[in-house]
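2 protein chains.
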Amino acid sequence: MNLKELLIKTDVRPYAMSARFGLEKESQRVTLDGALAQTEHPQILGNRSYHPYIQTDFSETQMELITPVADSIMETLRYLAAVHDVAIRSTGKSEMLWPLSMPPRLPENDRDIKIAKLDKYEDILYRRYLAREYGKRKQMVSGIHFNFEYGEELIARMYKAQEECKTIEQFKNVLYMKASRNYLRYRWLITYLFGASPVSEWGYFTEEENRPTEPVRSIRNSSFGYRNREDVKVSYTSLEEYIDDIQTMVENGVLSEEKEFYAPVRLRGGKCMADLPKKGIRYIELRNIDLNPFAPMGIDGDTMQFMHLFMLFLLWTEEKEQADEWVATGELLNEQIALTHPFAQITLPAEGDRIFSEMMDMVTELGIYGQKELLTTYQEQLRTPEMTISGKMWTIIEANSNTELGIVYGKEYQSIAFERPYQLAGFRHMELSTQVFLFDAIQKGLEVEILDENEQFLKLKHKAHVEYVKNANMTSLDTYIVPLIMENKTVTKKILKQAGFRVPGGDEFTSLEDAERAYLKYENQAFVVKPKSTNYGVGISIFKDGASGKDYLEALSLAFKEDTSILIEEFMEGTEYRFFVLDNEVKAILLRIPANVVGDGVQTVEELVAEKNLHPLRGTNHRAPLELIQLGELERLMLKEQGLIISAVPEKGQVVYLRENSNISTGGDSIDVTDQLDESYKKLAIDAVAALGARICGIDLIIPDKTIPADKGAHTYGIIEANFNPAMHMHIYPYSGTGRHLTMDVLKLLYPELFEQSDSI
Amino acid sequence: MNLKELLIKTDVRPYAMSARFGLEKESQRVTLDGALAQTEHPQILGNRSYHPYIQTDFSETQMELITPVADSIMETLRYLAAVHDVAIRSTGKSEMLWPLSMPPRLPENDRDIKIAKLDKYEDILYRRYLAREYGKRKQMVSGIHFNFEYGEELIARMYKAQEECKTIEQFKNVLYMKASRNYLRYRWLITYLFGASPVSEWGYFTEEENRPTEPVRSIRNSSFGYRNREDVKVSYTSLEEYIDDIQTMVENGVLSEEKEFYAPVRLRGGKCMADLPKKGIRYIELRNIDLNPFAPMGIDGDTMQFMHLFMLFLLWTEEKEQADEWVATGELLNEQIALTHPFAQITLPAEGDRIFSEMMDMVTELGIYGQKELLTTYQEQLRTPEMTISGKMWTIIEANSNTELGIVYGKEYQSIAFERPYQLAGFRHMELSTQVFLFDAIQKGLEVEILDENEQFLKLKHKAHVEYVKNANMTSLDTYIVPLIMENKTVTKKILKQAGFRVPGGDEFTSLEDAERAYLKYENQAFVVKPKSTNYGVGISIFKDGASGKDYLEALSLAFKEDTSILIEEFMEGTEYRFFVLDNEVKAILLRIPANVVGDGVQTVEELVAEKNLHPLRGTNHRAPLELIQLGELERLMLKEQGLIISAVPEKGQVVYLRENSNISTGGDSIDVTDQLDESYKKLAIDAVAALGARICGIDLIIPDKTIPADKGAHTYGIIEANFNPAMHMHIYPYSGTGRHLTMDVLKLLYPELFEQSDSI
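Each protein sequence line maps, in turn, to chains G and Y. Sequential numbering from 1 applies to the first sequence in the UniProt record's numbering. Sequential numbering from 1 applies to the second sequence in the UniProt record's numbering.
Source of the hints: derived by calculation from the structure; they are not laboratory data. Do not take every clue at face value.
Which copy is meant is left open, so a pair is good if it fits within one copy or across any two.
Quick list of in silico lysine-lysine cross-link-like pairs, DSSO-like style, CA-CA up to 30 Å [what the hints assert, rightly or not]: (1) 120 / 392; (2) 461 / 640; (3) 561 / 706; (4) 9 / 521; (5) 279 / 521; (6) 683 / 138; (7) 521 / 166; (8) 120 / 640; (9) 271 / 160; (10) 93 / 550; (11) 494 / 459; (12) 748 / 521; (13) 494 / 279; (14) 9 / 683; (15) 160 / 544; (16) 166 / 278; (17) 411 / 652; (18) 233 / 117; (19) 587 / 494; (20) 4 / 682; (21) 521 / 411; (22) 160 / 712.
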């Protein structure tokens with residue numbers, strides 16, 4: 001079957017690049033000086049019996065990070081980045097992930113290399129068998145497993161364009177078998193470009209004679225790597241022969257199980273191999289990619305992009321020999337490339353050029369956009385071995401040492417992960433609360449899926465239990481009517497009032513005439529005029545000592561410009577506190593203070609602002625828990641009102657406000673006061689939220705004097721507003737006071753089963 | 001205490017008109033020829049043991065319609081109108097409500113006047129006692145009970161402005177006692193203006209001698225009315241004496257219970273009279289208002305407005321004599337006014353003028369807006385008795401008969417109630433579904449409260465069970481995340497696809513460049529380009545046979561004008577059906593057909609449209625289940641495309657479409673096809689809605705051929721959209737096919753307890 005002809009067809013071509021990806025990446029946990037960690041797998045990471053993303057491979061120290069299957073490389077890498085962030089931050093600052101495929105210096109005593117402490121006894125038994133059969137040390141090598149699936153639509157359209165195969169499963173098998181054979185034939189190029197295990201640390205090789213004497217491109221991909229014994233031989237001529245060979249070896253005891261077959265290519269799909277002929281191969285697993293120490297996650301986008309094009313090339317290019325010969329040639333070439341010096345020129349540049357030239361043609365003929373530069377870059381490496389990964393590594397190792405290479409990059413990647421602990425790598429465009437929530441969900445071992453990134457829409461899954469979550473706080477925990485109640489200020493107030501709570505008195509008006517007529521009522525009292533539907537924004541006028549008729553009318557017309565309904569409300573004096581109530585508990589109370597600096601008698605306002613803006617929690621555009629304080633027009637005006645300019649030097653202790661409003665988004669400070677407010681206020685907030693029927697709610701109370709308990713006086717409080725989409729990140733990372741990890745609390749409510757046996761959250 | 005001085009104070013005055021109202025209105029159920037109904041209270045009206053709005057008074061035929069307490073007259077009257085609508089439509093077309101205070105012609109035999117069949121035995125015993133004591137016939141008289149409460153803020157501010165009373169309860173008692181005494185003193189004016197029982201029908205008076213010989217203003221308010229025996233005497237000097245007198249009479253057996261005291265004024269608050277001194281009188285019940293046959297609900301807004309001002313006047317005006325004398329004078333004057341001929345001039349115009357003059361002063365001094373015209377109108381009636389209600393009645397009775405007056409107006413009001421059965425009087429500004437839902441809720445005996453009229457926001461209550469409902473379909477039945485899922489087309493499609501349902505394939509784009517690049521994929525297939533967030537509206541382009549590059553780019557820019565995200569989706573051919581799924585059942589399936597007429601070979605298009613528009617369900621502005629078909633530009637263009645103009649005469653049977661889109665809002669027809677679609681499609685809709693987690697959902701399926709079951713083919717259906725706010729009225733009142741009473745189904749889900757014992761819904 002000529003797959004190239006199928007690919008070129010008009011209605012196949014546009015789908016050529018559709019594919020699915022999944023990565024597994026192993027790394028050894030090490031101390032900061034590069035010794036194998038002696039600690040257990042971090043307990044905070046939930047339970048390995050179900051964790052979908054963070055597992056351990058052979059040893060307790062060998063973390064295996066797994067991405068979900070994704071439709072694009074970008075998606076795959078962002079998941080890998082996120083899982084890295086979670087793994088590293090959960091491991092703590094005293095350890096790091098070893099960035100090299102070859103393990104760090106191993107302990108002298110085999111007993112100090114601990115087999116992963118898994119729940120299932122059979123998993124431990126299998127590892128004990130491997131330790132006996134291959135030795136513990138050989139197992140400590142790490143790498144990337146690259147799972148690749150041709151796009152469903154691509155396969156369907158190719159299948160439709162041919163007639164030889166009678167079922168799509170049959171067709172898939174033809175496709176993946178060709179890809180596998182060609183991969184084995186050409187994988188020397190992958191080893192050349194991406195091989196990254198030039199030397200080993202002490203303790204990896206036990207027999208002095210049986211090891212490379214020179215630095216090489218990839219120990220891991222050579223015969224010195226971790227691989228099956230020589231009598232393990234499998235034919236790729238057909239899927240049937242492949243399966244037959246493996247099954248025979250298992251029956252004869254050459255292999256203990258199917259999965260002990262360590263080829264650089266594995267055919268996947270179905271629960272066991274025997275399913276493949278009928279179900280069809282679903283995807284291919286490439287196991288020969290070394291960890292790239294120059295990529296924070298062990299692999300970068302360019303490598304993945306090249307691998308994708310290479311996979312397409314494997315269908316595109318003709319097979320020129322019988323299968324077994326073809327594969328055997330590939331083996332020989334690969335061994336040769338793997339075991340030559342990283343700086344050595346290759347002996348077969350012509351075949352390399354042919355591959356790239358065919359790939360160029362393919363990209364052109366299939367109309368694949370913007371990949372030529374990438375191909376050119378890699379093609380150039382054919383003649384500049386020092387630019388390959390192993391080449392670059394050797395440059396460093398030669399000048400320093402392999403250990404130092406590992407430690408320097410390992411530390412670097414660890415410190416990046418801790419740099420902005422409120423963010424989650426890969427998802428930095430999402431809202432902060434969602435980033436923290438995703439972090440928590442990944443940490444605890446929930447399957448997460450981003451259904452809509454711009455809308456902060458997540459799907460969570462644990463076993464059969466699915467939950468959808470938006471903005472990290474909109475969940476199935478609340479009923480639909482609850483946010484509708486809170487969205488409507490009039491309805492919220494009516495319900496709270498009927499339940500006996502103190503809310504600002506007032507009226508709703510839908511006609512200017514009626515509103516005008518109410519002037520007499522408000523003339524002499526403190527009141528607020530506001531549009532009904534907007535939140536603290538435009539169209540609001542506050543009169544703390546009554547208003548003249550003229551000002552009143554102006555306020556009305558201002559409010560009516562924003563909405564067809566306006567509210568005139570009693571103005572309540574006091575300090576506003578945000579209570580975050582979750583499932584009948586006050587989880588956090590926050591005080592928000594307008595942007596300010598405190599004088600030291602030395603620095604100018606401008607210098608004080610610059611200094612305060614150095615705070616690690618301050619950033620811009622809502623991607624940090626606090627915003628940078630600005631010195632724009634509004635701030636200068638505010639200074640002016642206090643008789644200051646930005647070059648003035650405030651006295652020691654003098655609080656200088658830069659803003660009138662207390663929004664965090666305009667540089668305000670968030671102060672956690674959860675432990676400072678009287679229980680009576682907490683009870684009040686809980687009861688009010690219960691009256692609204694909500695389980696997740698941010699409720700704003702005005703409290704004139706917090707030293708007087710809520711139940712000890714007439715006007716001790718007023719309820720201003722209830723928010724069904726309350727920001728959580730400002731409680732988690734306040735400017736001062738204790739952070740309250742609310743996202744984990746929400747997660748706990750959604751998935752109590754994950755927390756029942758866990759000791760810590 | 002000078003209450004007038006308190007009222008005038010600056011911070012009291014603006015609150016003078018704040019008040020609360022409640023009405024109870026009795027009416028006899030009669031046949032269309034004016035005979036007392038012999039049927040039972042309609043079973044469809046739920047259970048009288050808890051029904052808050054529709055009860056029976058003395059007899060099984062005497063409906064008592066009760067409004068909830070409301071803050072304004074408008075609010076009170078709209079509830080009364082709604083309760084009327086429900087009562088009349090639930091009673092059916094073969095009976096009506098007798099619009100007069102004096103009962104219709106009563107049966108010869110007392111046994112045919114049936115005591116109300118109430119659940120509680122003590123209620124029946126009390127009615128039996130009344131029948132023995134006063135006779136059944138006297139009990140058959142009907143009227144309005146007007147419950148009035150001075151506004152909370154008004155009382156609080158008056159209380160604050162005085163010093164005599166030490167508690168607000170004490171102050172309330174002073175207030176209401178003065179109002180009561182003055183009411184009794186001046187109530188002759190109410191009898192004069194609103195008295196409306198000039199004559200009686202056969203069978204009301206049993207003794208020939210003891211009845212008025214001439215027509216009068218108000219039999220009901222005279223000594224011939226239904227009142228206590230002469231030895232029942234109560235002093236209004238103070239609350240204490242009032243209570244003491246009544247309690248003594250109950251002890252002495254002059255009265256059987258407190259409630260047997262039938263004064264025109266009752267002091268209310270607390271569970272029994274003994275509570276009043278401590279708890280304070282909460283409101284006053286005025287019982288002397290006759291049914292006004294010229295008002296569809298027995299009382300009109302002007303009467304209520306006058307009563308309100310009159311209540312304020314009762315506080316404003318001085319008491320000039322000792323309490324008992326003052327009240328006794330009032331009694332005499334009232335009896336005199338009640339028993340004079342409706343056309344007779346009154347003997348004391350001076351006192352009348354003084355009352356009006358004082359009321360005018362009061363309105364001026366308190367700054368009460370726009371009431372002078374009303375006062376002038378009523379003042380004029382002091383000298384034009386034929387303009388009073390009893391005067392107008394007598395004009396008609398003299399020329400015809402009292403029976404005819406009752407029948408003509410009774411029928412008129414009945415026919416109004418049935419005119420637009422899809423609407424609910426008093427709430428016609430709300431959405432149709434909410435109107436029908438409110439009707440159902442009132443019918444079944446739920447307490448309803450409109451929390452926000454413009455937002456269709458309701459509160460329902462039955463015993464302790466409260467539910468909030470928006471748009472009649474947004475409830476606590478669904479969780480919050482469900483509408484968020486449906487609101488997001490991408491998320492909805494992902495979830496449905498993951499669950500195995502067929503949804504249009506496609507992509508979401510947030511950049512024009514990426515969207516442009518996808519052209520090759522769509523070039524040759526049927527597809528739709530649409531903005532992500534809007535519903536079938538602007539920005540949508542449909543290409544049924546692929547698109548040229550130019551058209552494609554145009555469609556992209558059109559869609560991107562509406563949203564920052566656009567969708568390009570496979571276009572699915574077939575007929576679109578709306579499935580309304582409620583709690584895992586398909587309750588209705590609707591087919592929507594574009595505005596059309598069917599030719600008869602005689603009439604022009606214009607005539608056919610006019611004829612079709614006569615359909616009782618067609619109206620404008622969404623206040624009818626179907627909209628009028630227009631003949632605007634779009635319709636004329638559509639005609640032109642079919643080679644027609646509006647004066648053309650289509651052939652017999654020729655279907656002429658006036659619109660391309662099938663929206664009901666542009667004149668489309670709604671066709672119920674619930675019983676016509678295969679069970680397999682219903683199962684599909686139910687399963688899809690379940691996958692979205694919804695309990696209330698309108699889901700749109702494209703079905704190319706409904707004769708092929710959903711599970712018998714490859715592409716038998718496609719799911720287009722799921723709607724979390726599906727219109728219900730179009731299913732309840734379709735253009736053709738069976739109406740599906742969905743609002744009642746929703747109610748049943750919310751309040752299963754109301755339906756458990758009920759036989760019919």
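Determine which of the earlier numbered hints do not hold for this structure and return their numbers in increasing order. Hints 1, 2, 3, 6, 8, 10, 12, 14, 17, 18, 20 and 21 not satisfied by this model.
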